[in-house]
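> Each chain, letter by letter, is given below.
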Amino acid sequence: GQQLNQSPQSMFIQEGEDVSMNCTSSSIFNTWLWYKQDPGEGPVLLIALYKAGELTSNGRLTAQFGITRKDSFLNISASIPSDVGIYFCAGQDNNDMRFGAGTRLTVKP
Amino acid sequence: DAGITQSPRHKVTETGTPVTLRCHQTENHRYMYWYRQDPGHGLRLIHYSYGVKDTDKGEVSDGYSVSRSKTEDFLLTLESATSSQTSVYFCAISEEAGLKRPQYFGPGTRLLVL
Chain U
1 GQQLNQSPQS
11 MFIQEGEDVS
21 MNCTSSSIFN
31 TWLWYKQDPG
41 EGPVLLIALY
51 KAGELTSNGR
61 LTAQFGITRK
71 DSFLNISASI
81 PSDVGIYFCA
91 GQDNNDMRFG
101 AGTRLTVKP
Chain V
1001 DAGITQSPRH
1011 KVTETGTPVT
1021 LRCHQTENHR
1031 YMYWYRQDPG
1041 HGLRLIHYSY
1051 GVKDTDKGEV
1061 SDGYSVSRSK
1071 TEDFLLTLES
1081 ATSSQTSVYF
1091 CAISEEAGLK
1101 RPQYFGPGTR
1111 LLVL
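Residue numbers (our numbering), protein chains in the order written: chain U, 1 to 109; chain V, 1001 to 1114.
Chain U on its own, in the form it takes in the complex:
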């Protein structure tokens, strides 16, 4: 089955910098989700997007559901050390959910 194309694969940034990552698909999804995974833990839901064009914020995180329904991006503003982890996008269409391979974020103090 097709997974989503998530980029970049990894990012090394300085504390305080903004971060942007995105996810694309050749298929349309009705829902886009962003998860964060800390080492040794399961993915935790950060933001859920349900409508094309929707822009949603959760604290310093902002995500958008692409107008074509084939992409989404996640921005993190003013990064802090606890933002370190792997960020996964997921596209959902009814009971079919596909994941990106993840963006590994490292934040240098």
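It is worth saying that the hints were derived from the structure and are not from the lab. Hints are not guaranteed to be accurate.
Within a straight-line C-alpha distance of at most 20 Å, the following computed PhoX-like cross-link-like pairs (lysine-lysine) qualify [said to hold, decoys possible]:
no.	chain 1	residue 1	chain 2	residue 2
1	V	K1070	V	K1053
2	U	K70	V	K1057
3	V	K1100	U	K51
4	U	K70	U	K51
5	V	K1057	V	K1070
Chain U is faced by these chain V residues, among others (derived, beta-carbon under 7 Å) [as the list claims (entries may be wrong)]:
no.	residue
6	L1043
7	K1100
8	P1102
Here are a few chain U residues that face chain V, going by a calculated C-beta distance under 10 Å [what the hints assert, rightly or not]:
no.	residue
9	Q6
10	M11
11	F12
12	I13
13	L33
14	E41
15	G42
16	P43
17	L45
18	A90
A quick note: this is a predicted structure, and the numbers were derived from the prediction, not measured. C-beta atoms are modelled at their ideal positions from N, C-alpha and C, and glycine is treated no differently.
Position chain V relative to chain U; hints supplied.
Frame of chain U; chain V shown alone:
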């Protein structure tokens, strides 16, 4: 946090042995899922359940079976473990399928097949 536990959290086994992983939820959610996570592949669906005794295959179901005899428990069985099944296994739950029903994940089980 969603009330999802997985057991065991870590397991080492030998090729050819049967292995059962357990997922337990306290949310009374209808849907439960088993995923495996491997480097470079993200999360891939193995099997899912849409109710007691109702299950269906996912993307990578070969070599795995599941059972759900109670709403709160979803078991994943490797009948005869192989080294290619070394992975981290995650259980997830959702209230229903479809719009505005995101999946919530358990803490994972790390399985090493020697």
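> Does the nearest C-beta of chain V fall within a distance shorter than 10 Å of the C-beta of F12 (chain U)?
At about 18 Å, which exceeds the 10 Å cut-off, the nearest Cβ of chain V leaves the hint on F12 (chain U) violated.
> Taken at face value, is the distance from the CA of K1053 (chain V) to the CA of K1070 (chain V) at most 20 Å?
holds (8 Å)
> Is K1100 (chain V) close enough to K51 (chain U), meaning Cα to Cα at most 20 Å?
Distance of about 10 Å is within 20 Å: holds.
> Holds or violated: is the Cβ of P43 (chain U) closer than 10 Å to a Cβ in chain V?
It holds, given that the least Cβ distance between P43 (chain U) and chain V is near 5 Å, below 10 Å.
> Would you check the hint for K70 (chain U) and K51 (chain U), treating anything up to 20 Å between C-alpha atoms as holding?
holds (12 Å)
> Given the hint that K1057 (chain V) pairs with K1070 (chain V), test it: the Cα-Cα distance must not exceed 20 Å.
holds (19 Å)
> Would you settle whether the hint for E41 (chain U) is holds or violated, based on the nearest Cβ-Cβ distance to chain V being less than 10 Å?
holds (6 Å)
> Double-check A90 (chain U) for me: the hint is only fine if its C-beta lies closer than 10 Å to a C-beta in chain V.
holds (8 Å)
> Does the nearest C-beta of chain V fall within a distance shorter than 10 Å of the C-beta of I13 (chain U)?
Cβ of I13 (chain U) sits 22 Å from chain V, so the hint is violated.
> Checking hints one by one. Is L33 (chain U) an interface residue toward chain V, by the C-beta closer than 10 Å rule?
holds (6 Å)
> Is the interface hint for L45 (chain U) satisfied, with its Cβ closer than 10 Å to some Cβ of chain V?
holds (5 Å)
> Min Cβ distance, L1043 (chain V) to chain U: is it shorter than 7 Å?
holds (4 Å)
Hint violations for this structure: numbers 2, 10, 11 and 12, all remaining hints satisfied.
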